[in-house]
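Work the whole structure out from these sequences, hints included.
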Amino acid sequence: MITTSLAAMACADDVPITVKPRTQPYWEPAFKLVAGAIKTLRSLEVNTRSLSSKTQSTTQYVRAITTQFDSIEHLSQNLIALPTPPDSRLGHHYLADAIEGLVDIIRTTKRYQESRAPELLVHIITLTQRSRASLTSFVENLHATSPGIASEGFRQMLLDLGEFQINPHRVTMFGVFIGEFADEVEARARIGSRLAEIRMSPMHKQWVEGSRFPTIDAANAAAQEWISNGFKASIAEVVDLDLNLTETRPPATGSWTERSWARQTEFEISDLAVAEHGDLVIAIGRRGDVASYDMEGHSKWTNNLGIPLAHVTIEPSGSLIAAYAFDLLLLNADGSYVWQRPVALDNNQKLDQVVFSNDGKTLVARSTNASGMGRVFKLDRTGRLWGPTKDYIAALSVSIEPTTGVVGVGSSKKGVNQVVTITPDGALNQTFGVDGKPHKVLFGQNGTQTIVVTTDGILTFDSTGGTVLHRLDFPTTHASSTPDSGTIVLAGHTGLGAFRPDGTEVWKKIPVAAQDLALTKDYVIAQTDERTFQVFRSDGSRLGKLSMSSPITAFAMSKSNNLFITANRDRTIEAWQLPNRITKPDRFGY
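In the working numbering, the protein residues as written are 1175 to 1764.
Rather than coming from a laboratory, the hints here were simulated on the basis of the structure.
Heads up, a few of these hints could be off.
[To be verified] Below, simulated SDA-like cross-link-like pairs (lysine to any residue); rule was C-alpha separation at most 25 Å, straight line: (1) 1733 / 1579; (2) 1733 / 1709; (3) 1695 / 1493; (4) 1228 / 1432.
Being a predicted model, the structure only gives us computed values, none of them experimental.
Listed below in structure tokens is the structure:
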């Protein structure tokens, strides 16, 4: 067999052709590497600008840099795997220098975390500038030797980064230290989630640095807060970094994952609210602090209301603000008082929810159901109109029908789950029994349908006769709806689903475990862990992911312009502008 085959080959007419080993192409992976490096540089420079403008502290800046470690390591691995360049004139060493500079940022950041030496922060910024210079040299060399679409595109991307000059210098800050702890394990166990980052101070043994403040008064206030929580606290002068940044050319607008603005507060943020159709953002703290901003992050006013606060709700147009915990206080948009003193509604029961009517003239408040006695009250600018509701109602959720003003209450008491609707003047309207605990009560078809989201799924009732019109089984932990209740998004252990009130599936279930939801006509935002949001379009397709530098304490969505705003444990408010509304018809029907 072998001899015959060889003979056949020898007698063949075609002479065998020697095939050279095919070399792996250089350009495609190199171009991906350049694009990735520019994206990383942009993130680093955005945070440098934030540090300079004092919208980030040094701790927040370092934490933001660490979020780029995975991207930098990925770039380094791709550089190692890059084939030999086809021409030595291409300046490959410039590309290698750029990536190596980024890798050195990881090393320098880790050194700073151990020593807190401000000179290392300056070195991080210097390394960023060096990497950018090397990358620019590679792109310019590429343009000189092989001009084309790719080199022009990279030149524009680098141009879009903008230009700035920095003159760093040392400043004295006042650090608040918490202690004393035997080691970091004890510190973490006792401090828990009160700090986003817990590290033993390299200068003050057995103490953890909490925050840094520009004034001794602010540091004293923070120290007293720690002391009131049972900790020892001390204040010491610390050397920090101040950047004098001169913007010679501002950067071009970035992608939606690049935050639009960030602001720091002087207090730990417990809740956040955004006016759906107005120009108002409100953040509150548990000790009564309130900070007001417009949609571009400009500060409007600050105040301390003198009462504990847990939640805040804004009337849709932004004309009224309800701040509440055990008491309810109503404010005008400029921070002035509607009521001269807080209103206590329910015998020291904590208020858990406030909903404004569509016209903003009235509001409904719900006290907590932790004791099985959640009650409902209706108020306006003059005070209480009616309430509390009867004892057989133990409210879990409350809503107002936009056109009729009927109040819907989801109730659960001693195993009895029901929905109660109440007329605008406080009279009982209807009662519907449901199987699971009611998360949310919605209204559809101009109030003719009452839609109940329970732990078991969706039930749609005829509002007048109480007939069950539709039923959908979908184990649910969280739910949200479009402004007209035309689409309901459910989150449960089986995933994320979107449905019409009649049970029609809008898009296939997405295998995402959501801890909370926000919804507009265009987007579904699912919080998937303490630092991460997954963003989906209204047709169920995934837009992308947002990762925070510290745990999330609250978030809100401006439904009119798709501005997403978060409050983080490190006292920072951050805003992201999601892409403009989808112009083609989508499955939400808009």
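Right, here's what the structure says about each hint:
{"no.": "1", "hint": "1733 / 1579", "result": "holds (21 Å)"}
{"no.": "2", "hint": "1733 / 1709", "result": "holds (14 Å)"}
{"no.": "3", "hint": "1695 / 1493", "result": "holds (23 Å)"}
{"no.": "4", "hint": "1228 / 1432", "result": "holds (18 Å)"}
Consistency with the previously given hints is maintained throughout, with no hint failing.
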